[in-house]
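Read off the chains here:
Number of protein chains: 2
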Amino acid sequence: MDTRPIGVFDSGLGGLTAMRELARILPEEELIYFGDTGRVPYGGRSPETITRYARQDVAFLRSFDPKAIVIACGTVSTTALEVLRRECPVPIYGVVEPAVQAAAQCTRTGRVGLIGTKATIRSGAYERALSALRPGAQVEARACPLLVPLVENGRYQPGDPVVERVVAEYLQPIREAGVDTLVLGCTHYPLLKPVIASYMGEGVALVDVGAQCAHWVARSLEEQGLRARRDGEGPRRYFVSDATGDFPALASAFLGVDVAGAVEWVDITAY
Amino acid sequence: MDTRPIGVFDSGLGGLTAMRELARILPEEELIYFGDTGRVPYGGRSPETITRYARQDVAFLRSFDPKAIVIACGTVSTTALEVLRRECPVPIYGVVEPAVQAAAQCTRTGRVGLIGTKATIRSGAYERALSALRPGAQVEARACPLLVPLVENGRYQPGDPVVERVVAEYLQPIREAGVDTLVLGCTHYPLLKPVIASYMGEGVALVDVGAQCAHWVARSLEEQGLRARRDGEGPRRYFVSDATGDFPALASAFLGVDVAGAVEWVDITAY
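In order, the protein sequences belong to chains A and B. For the first sequence, my numbering begins at 10 and goes up steadily by one. For the second sequence, my numbering begins at 10 and goes up steadily by one.
Keep in mind that a hint or two might mislead.
Stated by the list, open to error - Calculated cross-link-like contacts (lysine to aspartate or glutamate; reagent style EDC-like; alpha-carbon spacing at most 20 Å):
#	chain 1	residue 1	chain 2	residue 2
1	B	Lys127	A	Asp255
2	B	Lys202	B	Asp189
3	A	Lys127	B	Asp255
4	B	Lys76	B	Glu242
5	B	Lys202	B	Asp217
6	B	Lys202	B	Glu149
Stated by the list, open to error - Restraint ranges, calculated between C-beta atoms of paired labels, are given here:
#	chain 1	residue 1	chain 2	residue 2	range
7	B	Ser207	A	Arg13	55 to 61 Å
8	B	Glu185	A	Gly270	38 to 44 Å
9	B	Glu185	A	Gly212	42 to 48 Å
10	B	Ala269	A	Gly119	48 to 54 Å
11	A	Gln181	B	Ser261	27 to 33 Å
12	B	Arg95	A	Arg95	41 to 47 Å
13	A	Ala271	B	Arg95	33 to 39 Å
14	A	Gly145	B	Arg184	51 to 57 Å
Derived from the structure by calculation, the hints contain no laboratory data. Quick caveat, the model's predicted, so the values are computed rather than measured. Yeah, the Cβ is synthetic: ideal placement off N, Cα and C, and Gly gets one too.
All chains should be built: construct the whole structure from the sequences, respecting the hints.
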């Protein structure tokens, strides 16, 4: 039993897909979310810059004395996880291991699709983890640099012609490769699930890396006896590095609860 | 005669459209460019964050003792120009005044279109300046948040179906309003000129705010006797805040000269 909070961070809104799942399966936990909205998107930046930003994100969350930190960001998980783990005594969870385990369980043919940011695809992290778990698996990977800007601008609805066209362009070679499982390797992408599912067709399982990570964290805390017990729901706090008014509205839509009063600004460069 | 450099900055690549024009019409000047590629894009961020970033950009350029600083960025020019001018003894040029003067000269009907980032359109700066210069002018303004991500990802070519569709979506109400002049209120947009010109048709003049600003700066230096005289071309240096390998290639394409060896990294948060 450990009532210290769980810290969760992402470059922006995407990590809320993991946050939502954490809040659902771990209602009693205190959850602190940081979205680096002042520097989003991460996925097109260099490994050096991504690591520098992620170090500050972790340092900020550590100021709350968390029992665990969740990198609810595909780009950071694939690019900086090892460095962050080496430098930080608090357990850090990334999205790659849980996602790859789910993909290995899902796939029958061993042909797995992967979409992510430029940094994620460049890292090769998902492919390495999948090969270790399921030797001989074939990964058809594709960088999708426009998807995060679309989602951050609130554009992910089925029927949006721009969204439909961009998704089709990115996924065409993956569909043609005949995968039976597609890893949505960035926590922004579950917002696009209806569009992606419709394009890929019914026979393809979609792996939501944020949700998989949330379940992994829950199991891990349970196994270590670190779950919090409380009467009722644990506190939830949301921090962003930009003061823009869009975040509370978009976040409320993503989470299905009104977070307007719970969003605070932080100067992330001070960490 | 003043051989001190001219500093130029933008959130990313867009300001190179002004830089190219400056280099063409002021070949003897020393030009120093800063692209904040580690924090691009600016246009969806809050005025507070844009101002904070712009202050650091100006502080960095001031370390070269420039005779002038050019804000080759529509978002900063419309959101933070007055604050920056108040705080900085070096003359600072923005893109709004030159663009609006050009638009006022171009338009016959007084119906002017304006496209820009969210921050630019929210500011109302172009509209205010145009009203002052040409009372009764009608401005049809539209925020185009996806254009900067497209350009920063190297996607601006005619025939690109995503680019064509996004441009058509944004410009449709402006074309329907029957404008005879369209201000491209962000220095990224001239890269999209062929696509935009083709959609708007021949009767509509396009105002390139970066190029207009370059001419304004040249005239101003000339009038004040501050032009540099040199044998041959002045030095050009390029700084970016991200170490990504994309910048030199894209910048070389934009500028039509190979800048690969001249691009340096700077930690902008130290300013």
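Status of each hint after checking the structure:
1. Among the hinted pairs, Lys127 (chain B) with Asp255 (chain A) is consistent with the structure: their alpha-carbon atoms are about 11 Å apart, no more than 20 Å.
2. Restraint check for Lys202 (chain B) and Asp189 (chain B): satisfied, since their Cα atoms lie roughly 16 Å apart, inside the 20 Å limit.
3. For a cut-off of 20 Å, the pair hint linking Lys127 (chain A) to Asp255 (chain B) stands: about 11 Å separates their Cα positions.
4. For the hint linking Lys76 (chain B) to Glu242 (chain B), the alpha-carbon distance of about 18 Å falls within 20 Å, and the restraint holds.
5. A distance of roughly 9 Å separates the Cα atoms of Lys202 (chain B) and Asp217 (chain B); the hinted pair therefore holds under the 20 Å criterion.
6. Under the criterion of a C-alpha separation no larger than 20 Å, the hint pairing Lys202 (chain B) with Glu149 (chain B) is consistent with the structure, at around 18 Å.
7. Between Ser207 (chain B) and Arg13 (chain A), the C-beta spacing of about 59 Å keeps the proposed range 55 to 61 Å intact.
8. Between Glu185 (chain B) and Gly270 (chain A) the CB atoms are about 40 Å apart, so this pair conforms to the stated range of 38 to 44 Å.
9. The beta-carbon spacing between Glu185 (chain B) and Gly212 (chain A), approximately 43 Å, falls within the hinted interval of 42 to 48 Å.
10. About 41 Å separates the C-beta atoms of Ala269 (chain B) and Gly119 (chain A), a value inconsistent with the hinted range of 48 to 54 Å.
11. The beta-carbon spacing between Gln181 (chain A) and Ser261 (chain B), approximately 30 Å, falls within the hinted interval of 27 to 33 Å.
12. Taken as a hint, the range 41 to 47 Å holds for the pair Arg95 (chain B) and Arg95 (chain A), whose Cβ atoms sit roughly 45 Å apart.
13. Remark: the range hint 33 to 39 Å for Ala271 (chain A) to Arg95 (chain B) is upheld by a beta-carbon distance near 35 Å.
14. Taking the beta carbon of each, Gly145 (chain A) and Arg184 (chain B) are about 54 Å apart, inside 51 to 57 Å as hinted.
Checked against the numbered hints above, the structure violates only hint 10.
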